[in-house]
Structure formats: C-alpha cells, structure tokens
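Enquirer: Taking the hints into account, I'd like the entire structure generated from these sequences.
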Amino acid sequence: MKRGTRNILRVSIIVTVAVLIGITLWFNLTSDNKTVAVGDEAVDFQLTTMEGEQIRLSELTDEGKGVILNFWGTWCKPCREEMPDMNDIYTADDNDEYEIVAVNVAENEQQIKQFISGLESDLEFPIALDKTRDVTEAYSIGPLPTTIAVNQEGTVVKKQEYQLTHEDILAFIENATE
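Each position in the sequence shown, counted from 1, maps to that position plus 37 in the numbering used here.
Heads up, some of the hints might be wrong.
Stated by the list, open to error - Straight-line alpha carbon distances no greater than 25 Å define the calculated SDA-like cross-link-like pairs of lysine to any residue that follow: (1) K102 / E190; (2) K150 / T202; (3) K114 / S95; (4) K114 / D159; (5) K114 / D125; (6) K150 / E190; (7) K196 / T61; (8) K102 / Q200; (9) K196 / I149; (10) K102 / P163; (11) K114 / E161; (12) K195 / K150; (13) K196 / E215.
In case anyone wonders, no lab produced these hints; they're calculated from the structure.
Expert: Put into structure tokens, the structure is as follows:
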C-alpha cells in the first residue's frame, strides 16, 4: 500500500473513532436518566399483581399510605430470607398506614409461584410483576434485594440495597409513615 493511501486510512479511522466517542458522550450527557435518591419524588408506576389486580403507587399514597417497595428475584437467597420477616410484620400489624409491595424483577409467574410455595407461610402483601423492568430501571435498582420507602406525600425517604433485618423493616415502615 502506498504511503499516501496509508495516511488517508489512518486519518479516516482516527476521525471515525473521535466522532463515535463524541456521539456517545453527547447521548450520555443529554439523557434524562437519573438515579432516584432519598428526597426525590417517587416515580409513579402501575403494575399487575400475581392476583391480576392493578397496583398504582400514586393511588396508595393518595390514600395516605406510606409504601415499602421491595425489589427481589426468586434466585436471590437474601430475598428468600427477608420475606418471612416482612410477612410477619405485615400480618401482625394494623397496616392501614402503609403497604408493602414486593416487586419481582422480570421473572415468570411459574418461577414466582414455586418460590412462594417454598416459603413457610403464604405472603399476605401484594407481589407486583415488573415484567419489562421499567420500574426497576426507573428506580435504578442494582443488586437485589433493594428496598425503597415512599412516604404519604410520594417522596422517597429511605433506600437500602441488600437484605433487611427485622429492625430494618420496622425502620422502613416508620420512615414511610412519618
């Protein structure tokens, strides 16, 4: 290959790479994606529960309830360990002031039913299905489980990644209902 042709090829490759890097940076810097943090307004959503009912976050907060959103998966051992505690607190409490919503992240109903049947008792709180991961992405959920408390005004007041203890669950309820 001639020296002039080689230089043109090199310059073309460098310009192409520079343009692609510029486009990537532009899209990343101008995108509307942001992480929902404590103090932010909660992202409203509507999901279908295992029972086929529609659940909407804004309807729960409009009823004056704080909401605990627990994002989980059937393969997640810490999720399996924290669910009985959540259920015990939920069933022992007069939960008129709050709702626990277990948001399953993109698994099929058969997997979820098998998971639930492996627990010692039936779960009393609703299990919502985030089949498309839209809600999971809206809340920038990383590791599972991740739990978010939303107060009655629709503001995120607490967020924790990883497994909750019994005391953590009570603290989430307190934060959501203050």
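Enquirer: What's the verdict on K114 and D159, does the C-alpha distance respect the 25 Å limit or exceed it?
Expert: 18 Å, holds
Enquirer: Compare the distance between the alpha carbons of K114 and E161 with 25 Å, and conclude whether the hinted pair is satisfied.
Expert: Given pair K114, E161 holds - Cα atoms ~20 Å apart, limit 25 Å.
Enquirer: Can the restraint linking K150 and E190 be considered satisfied, given a maximum Cα separation of 25 Å?
Expert: Judged against 25 Å, a Cα distance of about 33 Å means the pair is violated.
Enquirer: Under the criterion that the straight-line Cα-Cα distance not exceed 25 Å, is the pair K102, Q200 satisfied?
Expert: Distance ~23 Å between K102 and Q200 Cα, so the pair holds.
Enquirer: Between K150 and T202, is the straight-line Cα distance small enough, at 25 Å or below?
Expert: 24 Å, holds
Enquirer: Decide if the proposed pair is consistent with the structure: K114 and D125, CA atoms, cutoff 25 Å inclusive.
Expert: 18 Å, holds
Enquirer: Hint check: K114 vs S95, CA-CA at most 25 Å. Holds or violated?
Expert: 30 Å, violated
Enquirer: Sort out whether E190 lies within 25 Å of K102, counting only the CA atoms.
Expert: Judged against 25 Å, a Cα distance of about 9 Å means the pair holds.
Enquirer: Taking 25 Å as the top limit, are the C-alpha atoms of K196 and E215 close enough?
Expert: 15 Å, holds
Enquirer: Does the alpha-carbon distance linking K195 and K150 stay inside the 25 Å limit?
Expert: 29 Å, violated
Enquirer: Taking 25 Å as the top limit, are the C-alpha atoms of K196 and T61 close enough?
Expert: 30 Å, violated
Enquirer: Is K196 within 25 Å of I149, Cα to Cα?
Expert: Given that 25 Å is the threshold and the Cα spacing comes to 24 Å, the pair holds.
Violated hints, listed in ascending order, are 3, 6, 7, 12; each of the other numbered hints is respected by the structure.
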